Amino acid sequence: MQTLSRTPLHERHVAAGARLVPFAGWEMPVQYEGVIAEHRAVRTDCGVFDVSHMGEIHAEGPKARELLQALLSNDLDRLDDGDAQYTLLTDESGGIIDDLIAYRIDPHQYLLVVNAGNRQEVWDWMKEREIRGSEVRDASDEYGLLAVQGPRSIERLGLPEGKQFTHAMGEIDGIEVMVNRTGYTGEQGCELMCPAEDAVALWDAVVARGAVPCGLGARDTLRLEVCYPLHGNDITRETDAISAGLAWTCALDKDFTGAPALRRLKEDGPARKLVAFVMEEKAIPRAGMTIESGGEVTSGTHSPMLDKGIGLGYVPADRSMPGSALVIDVRGKKRRATVVPKPIYKPEEEPT
Amino acid sequence: MAAAESYPDELKYHPEHDWARIEGDEATVGITWFAQDALGELVHFEAPEPGVTVTKDSVYGEVESVKAVSDVVAPVSGEILEVNQAVVDAPETVNADPYGEGWLLRIRLSDPAEPDALLDVEAYKQLLQDL
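Protein sequences, first through last, are from chains A and W. Residue numbers for the first sequence follow this note's numbering, beginning at 1 and rising by one. Residue numbers for the second sequence follow this note's numbering, beginning at 1 and rising by one.
Hints are computed from structural coordinates only; laboratory data are not their basis. The structure displayed is predicted, hence computed values, not measured ones. For every residue, glycine included, the Cβ atom is placed at its ideal position computed from N, Cα and C. Keep in mind that the hints are not guaranteed to be accurate.
[Unchecked claim] Capping the alpha-carbon separation at 30 Å, the derived lysine-lysine pairs in DSS-like fashion look like this:
{"hint": "1", "chain 1": "A", "residue 1": "Lys63", "chain 2": "A", "residue 2": "Lys163"}
{"hint": "2", "chain 1": "A", "residue 1": "Lys254", "chain 2": "A", "residue 2": "Lys334"}
{"hint": "3", "chain 1": "A", "residue 1": "Lys333", "chain 2": "A", "residue 2": "Lys266"}
{"hint": "4", "chain 1": "A", "residue 1": "Lys334", "chain 2": "A", "residue 2": "Lys346"}
{"hint": "5", "chain 1": "A", "residue 1": "Lys254", "chain 2": "A", "residue 2": "Lys333"}
{"hint": "6", "chain 1": "A", "residue 1": "Lys334", "chain 2": "W", "residue 2": "Lys125"}
{"hint": "7", "chain 1": "A", "residue 1": "Lys333", "chain 2": "W", "residue 2": "Lys125"}
{"hint": "8", "chain 1": "W", "residue 1": "Lys56", "chain 2": "W", "residue 2": "Lys125"}
{"hint": "9", "chain 1": "W", "residue 1": "Lys125", "chain 2": "A", "residue 2": "Lys282"}
[Stated by the list, open to error] Covered stretches of chain W, going by a simulated chain A footprint (3 or more residues, C-beta under 8 Å):
{"hint": "10", "segment": "37 to 50"}
{"hint": "11", "segment": "112 to 118"}
[As the list claims (entries may be wrong)] Label-pair ranges, simulated between beta-carbon atoms:
{"hint": "12", "chain 1": "A", "residue 1": "Ala15", "chain 2": "W", "residue 2": "Pro8", "range": "56 to 66 Å"}
{"hint": "13", "chain 1": "W", "residue 1": "Ala4", "chain 2": "A", "residue 2": "Glu128", "range": "18 to 28 Å"}
{"hint": "14", "chain 1": "A", "residue 1": "Glu142", "chain 2": "W", "residue 2": "Asp9", "range": "32 to 42 Å"}
{"hint": "15", "chain 1": "A", "residue 1": "Val207", "chain 2": "W", "residue 2": "Arg108", "range": "33 to 43 Å"}
{"hint": "16", "chain 1": "W", "residue 1": "Thr55", "chain 2": "A", "residue 2": "Lys333", "range": "29 to 39 Å"}
{"hint": "17", "chain 1": "W", "residue 1": "Pro8", "chain 2": "A", "residue 2": "Thr236", "range": "46 to 56 Å"}
{"hint": "18", "chain 1": "A", "residue 1": "Val200", "chain 2": "W", "residue 2": "Glu82", "range": "30 to 40 Å"}
{"hint": "19", "chain 1": "A", "residue 1": "Met169", "chain 2": "W", "residue 2": "Asp89", "range": "34 to 44 Å"}
{"hint": "20", "chain 1": "A", "residue 1": "Glu161", "chain 2": "W", "residue 2": "Asp37", "range": "53 to 63 Å"}
{"hint": "21", "chain 1": "A", "residue 1": "Glu280", "chain 2": "W", "residue 2": "Asp37", "range": "29 to 39 Å"}
{"hint": "22", "chain 1": "W", "residue 1": "Pro50", "chain 2": "A", "residue 2": "Glu161", "range": "52 to 62 Å"}
{"hint": "23", "chain 1": "A", "residue 1": "Ala70", "chain 2": "W", "residue 2": "Asp89", "range": "53 to 63 Å"}
{"hint": "24", "chain 1": "W", "residue 1": "Val69", "chain 2": "A", "residue 2": "Ser5", "range": "20 to 30 Å"}
{"hint": "25", "chain 1": "W", "residue 1": "Ser58", "chain 2": "A", "residue 2": "Arg237", "range": "56 to 66 Å"}
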């Protein structure tokens with residue numbers, strides 16, 4: 001049996017009565033009080049997630065930019081110091097190795113925050129392709145990472161307003177943190193990165209300021225309501241950015257691994273597209289369920305805000321327009337669903 | 001709001017974490033505190049139709065939480081007299097009151113002696129301890 005890794009906050013989760021589950025090699029809290037209550041806390045006020053399991057990779061050196069431009073799909077030249085960008089690491093056929101956020105510290109220094117389950121693969125991939133003048137370093141174990149999300153999160157943390165997809169050094173109750181204006185819930189908020197040894201103090205400070213501890217269960221329902229893809233479910237090495245509706249993350253006018261394949265796909269049009277759908281009957285779609293006429297559910301759950309089954313799935317391109325009727329096989333029962341525009345749920349206050 | 005852990009003395013229990021309250025030739029059935037706690041807040045009850053016959057130990061429906069789905073097994077055999085519409089409409093009723101408002105079905109027993117084979121509360125508690 002594989003030994004599960006634990007974040008610096010493990011003792012806090014146990015003390016809070018969290019239900020712990022294995023996730024991507026980590027023992028992580030799936031819920032504290034309950035998924036629905038935690039979900040609502042983030043939509044209406046403020047929640048905090050321990051996401052210290054995520055990987056942090058530094059790319060440094062005078063040629064770091066050149067290396068990343070050749071490996072990542074988005075155009076890093078759109079970033080200034082203090083900016084961040086959602087981007088993909090792609091293979092030669094355009095398959096998605098990981099989706100990640102790149103933070104530009106300075107022209108020679110970038111931080112990449114990658115999915116926990118892909119940390120090793122991403123690092124291996126980049127290390128093999130390092131060029132002279134660039135160095136890739138896995139610093140995941142050095143950091144704690146807390147996602148503080150919700151319409152009141154910035155106010156509760158006592159932080160100044162800030163633009164989404166930026167970052168800056170800051171301080172929460174005497175603890176120095178990197179304040180990243182990013183997240184996975186569709187709400188305003190930030191992700192606070194600190195040295196691993198400060199993570200417990202930071203967690204305590206954030207909870208004392210009124211953030212509700214939230215687990216991976218709510219993280220999944222929140223991201224799914226706003227249609228953020230989950231790597232391993234909605235996007236994989238076997239899927240591509242064009243079919244997944246992530247063409248906006250691909251600077252197809254630059255050369256990066258897989259760009260020629262993605263240009264061809266864009267030109268020809270993908271056979272299948274990743275769509276968002278809402279159930280028209282009482283039923284909860286789940287990953288792996290078949291969609292009639294050649295599709296598959298890649299993520300599904302019960303939406304706490306809509307009180308309905310919702311999901312993401314690949315369907316034939318001619319069925320991908322909002323309004324298209326779908327039939328999903330829910331454990332042997334045919335259940336009706338309708339393709340809807342993304343996001344499925346629109347937060348009341350858009351992140352600024 | 002979730003209920004506190006309890007296993008009423010007067011109920012009969014099935015090892016798949018179902019309970020039955022026997023009254024004459026009728027049984028009211030549901031899932032135990034343990035089952036609802038393991039699942040988390042319920043958001044869906046895939047219920048059978050009244051009039052259908054269920055068989056002891058076989059699956060008659062599903063209960064789902066945000067994260068998980070679980071079959072529900074009939075603790076007794078018989079015809080379904082009533083499905084609890086309050087649970088179909090508001091599945092979280094089961095979490096709040098698993099042995100009261102959160103009942104799932106009323107069944108007319110096909111064999112009134114059949115429930116004798118179910119676990120009593122002490123045997124069910126022992127089963128939970130041995131998990």
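Handout entry: Pairwise beta carbon distance, W:Pro50 to A:Glu161, judged against the given window 52 to 62 Å
Key = At roughly 57 Å between Cβ atoms, A:Glu161 and W:Pro50 fall inside 52 to 62 Å, so the hint holds.
Handout entry: W:Val69 versus A:Ser5 beta-carbon gap, inside 20 to 30 Å or not
Key = Once the Cβ atoms are compared, 28 Å apart, the range 20 to 30 Å for A:Ser5 and W:Val69 holds.
Handout entry: Satisfaction of hint between A:Lys266 and A:Lys333, Cα-Cα up to 30 Å
Key = Given pair A:Lys333, A:Lys266 is violated - Cα atoms ~35 Å apart, limit 30 Å.
Practice task
Hint says 30 to 40 Å; check whether the CB-CB distance for A:Val200 and W:Glu82 agrees.
Solution key: violated (52 Å)
Practice task
Determine whether the Cβ-Cβ distance between A:Ala70 and W:Asp89 falls within the hinted range of 53 to 63 Å.
Solution key: holds (56 Å)
Practice task
Note whether the CB distance of A:Glu142 and W:Asp9 lies within 32 to 42 Å or breaks it.
Solution key: 55 Å Cβ-Cβ, so the 32 to 42 Å window is violated.
Exercise for the section: Report holds or violated for chain A covering the segment 112 to 118 of chain W, Cβ cut-off 8 Å, minimum 3 residues. Expected result: With 0 residues in contact (Cβ-Cβ under 8 Å with chain A), the coverage given for the segment 112 to 118 of chain W is violated.
Exercise for the section: Given the hint that A:Lys333 pairs with W:Lys125, test it: the Cα-Cα distance must not exceed 30 Å. Expected result: violated (35 Å)
Exercise for the section: Mind checking the hinted window 34 to 44 Å against the Cβ distance between A:Met169 and W:Asp89? Expected result: violated (51 Å)
Practice task
Return holds or violated for the Cβ distance of A:Glu280 and W:Asp37 against the range 29 to 39 Å.
Solution key: holds (31 Å)
Exercise for the section: Starting from A:Lys334, check that the Cα of W:Lys125 is at most 30 Å away, please. Expected result: Measuring from Cα to Cα gives roughly 39 Å; hence the hint is violated.
Problem - Satisfaction of hint between A:Lys334 and A:Lys254, Cα-Cα up to 30 Å - result: At roughly 45 Å apart (the allowed maximum being 30 Å), A:Lys334 and A:Lys254 break the hint.
Hints 2, 3, 5, 6, 7, 9, 11, 12, 13, 14, 15, 16, 18, 19, 20, 25 from the list above are not met by this structure, while the remaining hints are.
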